[in-house]
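Visitor: Sequence:
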Amino acid sequence: MNLIIVVCFLIAGSLYAKSKQADTELKNINYTSKGDVNKLDSAILGGGCFWCIEAILNELKGVEKVESGYSGGSVKNPTYQEVCNGKTGHAEVVKITFDPDIISYGKLIEIFFHIHDPTTLNRQGNDIGTQYRSVIFYNSEDQKKAAEEVIKKISDSGLWKDPIVTVVEPLVAYYPAEDYHQDYYNNNKEKSYCSIVIAPKIAKFYEEYKDLIKDN
Numbered sequence: 001m002n003l004i005i006v007v008c009f010l011i012a013g014s015l016y017a018k019s020k021q022a023d024t025e026l027k028n029i030n031y032t033s034k035g036d037v038n039k040l041d042s043a044i045l046g047g048g049c050f051w052c053i054e055a056i057l058n059e060l061k062g063v064e065k066v067e068s069g070y071s072g073g074s075v076k077n078p079t080y081q082e083v084c085n086g087k088t089g090h091a092e093v094v095k096i097t098f099d100p101d102i103i104s105y106g107k108l109i110e111i112f113f114h115i116h117d118p119t120t121l122n123r124q125g126n127d128i129g130t131q132y133r134s135v136i137f138y139n140s141e142d143q144k145k146a147a148e149e150v151i152k153k154i155s156d157s158g159l160w161k162d163p164i165v166t167v168v169e170p171l172v173a174y175y176p177a178e179d180y181h182q183d184y185y186n187n188n189k190e191k192s193y194c195s196i197v198i199a200p201k202i203a204k205f206y207e208e209y210k211d212l213i214k215d216n
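Numbering (my numbering), first residue to last: 1 to 216.
Just so you know, the hints here were simulated from the structure itself, not pulled from any lab data. Any given hint could turn out to be false.
Each pair of labels, with its calculated beta carbon distance range [claimed, not checked]:
#, residue 1, residue 2, range
1, 140, 187, 14 to 22 Å
2, 42, 178, 37 to 45 Å
3, 164, 210, 20 to 28 Å
4, 127, 176, 17 to 25 Å
5, 158, 77, 39 to 47 Å
6, 199, 65, 32 to 40 Å
7, 206, 77, 33 to 41 Å
8, 122, 158, 21 to 29 Å
9, 40, 87, 29 to 37 Å
10, 97, 211, 20 to 28 Å
11, 86, 170, 18 to 26 Å
12, 196, 77, 27 to 35 Å
13, 213, 86, 29 to 37 Å
14, 163, 82, 18 to 26 Å
Calculated pairs, EDC-like style, for lysine to aspartate or glutamate (alpha carbon to alpha carbon, straight line, at most 20 Å) [claimed, not checked]:
#, residue 1, residue 2
15, 65, 110
16, 201, 127
17, 61, 162
18, 65, 215
19, 39, 207
20, 153, 117
21, 145, 101
22, 65, 82
23, 144, 183
24, 153, 141
25, 153, 142
26, 145, 183
27, 152, 162
28, 145, 41
29, 214, 101
C-beta: ideal position from N, C-alpha, C; glycine also.
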């Protein structure tokens with residue numbers, strides 16, 4: 001058990017050490033006041049356990065809501081247990097509802113590449129399986145183009161030593177995860193996965209990118 005805890009800390013530390021090499025552009029988001037609800041857009045991203053991605057992205061200025069769910073599979077309304085078995089083809093994803101007047105889709109994608117490892121196929125740390133794959137589900141050609149441009153930019157930047165394996169594919173269906181998965185970190189901070197894996201990632205993101213964080 002102690003070895004697992006040490007490994008988790010090492011993985012988190014290694015992941016965010018790489019973030020220090022990020023372009024300063026990531027911090028230069030132009031913020032405005034809260035936008036019109038009718039102009040809100042959405043993005044669906046998968047990068048390992050949805051608890052981690054949800055907890056971090058929910059703190060960003062311009063993000064109105066982050067919901068955990070499932071996409072990319074062949075079964076309608078899958079359960080968590082079915083997805084974890086790896087037989088439905090779904091990825092654990094988050095649906096981000098955001099104000100594009102405050103933070104653009106492209107900036108969200110840039111941030112996404114700084115909070116998970118996009119170079120490991122079907123795994124994030126100790127979480128292994130196709131449900132943990134790195135994937136971007138686009139809902140328009142503009143989103144597809146933006147995602148591909150960011151991937152090229154990140155690849156050219158040298159932020160990650162190994163090739164990016166993130167898949168960009170059209171959104172076919174999205175299914176919200178069960179209620180107990182929503183806002184999981186804030187509702188379960190005392191649990192070991194939250195304190196050992198998620199909390200250090202959030203703390204490091206706050207430290208490195210404090211200008212991106214909502215004023216609490």
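Visitor: Hints first: check each against the structure and report whether it holds.
Guide: Now the hints, each set against the structure:
Distance hint check: the CB atoms of residue 140 and residue 187 are about 33 Å apart, inconsistent with the given range 14 to 22 Å. Between residue 42 and residue 178 the CB atoms are about 20 Å apart, so this pair departs from the stated range of 37 to 45 Å. A hinted range of 20 to 28 Å holds for the C-beta pair residue 164 and residue 210, which are about 26 Å apart. Taking 17 to 25 Å as the suggested C-beta distance range, the pair residue 127 and residue 176 conforms, at roughly 20 Å.
Against the hinted window of 39 to 47 Å, the Cβ-Cβ separation of residue 158 and residue 77 comes to about 42 Å, which satisfies the hint. Taking the beta carbon of each, residue 199 and residue 65 are about 22 Å apart, not inside 32 to 40 Å as hinted. Residue 206 and residue 77 have their C-beta atoms about 36 Å apart, which keeps the hinted 33 to 41 Å range intact. Separated by about 24 Å at the C-beta atoms, residue 122 and residue 158 satisfy the suggested range of 21 to 29 Å.
In this structure the supplied range 29 to 37 Å holds for residue 40 paired with residue 87, their Cβ-Cβ distance being about 34 Å. The beta-carbon spacing between residue 97 and residue 211, approximately 21 Å, falls within the hinted interval of 20 to 28 Å. Look at residue 86 against residue 170: about 22 Å separates their beta carbons, and that is inside 18 to 26 Å. Against the hinted window of 27 to 35 Å, the Cβ-Cβ separation of residue 196 and residue 77 comes to about 32 Å, which satisfies the hint.
In this structure the hint that residue 213 and residue 86 lie 29 to 37 Å apart at CB holds, the actual value being about 35 Å. In this structure the hint that residue 163 and residue 82 lie 18 to 26 Å apart at CB is violated, the actual value being about 31 Å. Distance check on the hinted pair: residue 65 and residue 110 sit about 18 Å apart at the alpha-carbon level, within 20 Å; holds. Proposed proximity of residue 201 and residue 127 is supported: the alpha carbons are some 15 Å apart, at most 20 Å.
At most 20 Å may separate the alpha-carbon atoms for a hinted pair to count; residue 61 and residue 162 exceed this at roughly 30 Å. Among the hinted pairs, residue 65 with residue 215 is consistent with the structure: their alpha-carbon atoms are about 15 Å apart, no more than 20 Å. Distance hint between residue 39 and residue 207 is unfulfilled; the C-alpha atoms sit about 31 Å from each other, more than 20 Å. Restraint check: the Cα-Cα separation between residue 153 and residue 117 comes to about 16 Å, which is no more than 20 Å; the hinted pair holds.
Of the pairs offered as hints, the one joining residue 145 and residue 101 holds, with about 19 Å between alpha carbons and a cut-off of 20 Å not exceeded. A distance of roughly 25 Å separates the Cα atoms of residue 65 and residue 82; the hinted pair therefore is violated under the 20 Å criterion. Distance hint between residue 144 and residue 183 is unfulfilled; the C-alpha atoms sit about 27 Å from each other, more than 20 Å. Taking the CA atoms of residue 153 and residue 141, the gap is near 18 Å; set against the 20 Å cutoff, the hint holds.
Simply put, residue 153 and residue 142 have alpha-carbon atoms about 16 Å apart, close enough for the 20 Å limit, and the pair holds. Of the supplied pair hints, the one linking residue 145 and residue 183 is violated, its CA atoms being roughly 30 Å apart against a limit of 20 Å. Distance restraint check for residue 152 and residue 162: the Cα-Cα separation of roughly 13 Å lies within the 20 Å cut-off, and the hinted pair is therefore satisfied. A C-alpha spacing of about 16 Å is found between residue 145 and residue 41, which places the hinted pair at or below 20 Å, so the restraint holds.
Between the alpha carbons of residue 214 and residue 101 the distance comes to roughly 15 Å, so the proposed pair stays at or under 20 Å and holds.
In summary, the structure is inconsistent with hints 1, 2, 6, 14, 17, 19, 22, 23, 26 from the numbered list given earlier, while agreeing with the others.
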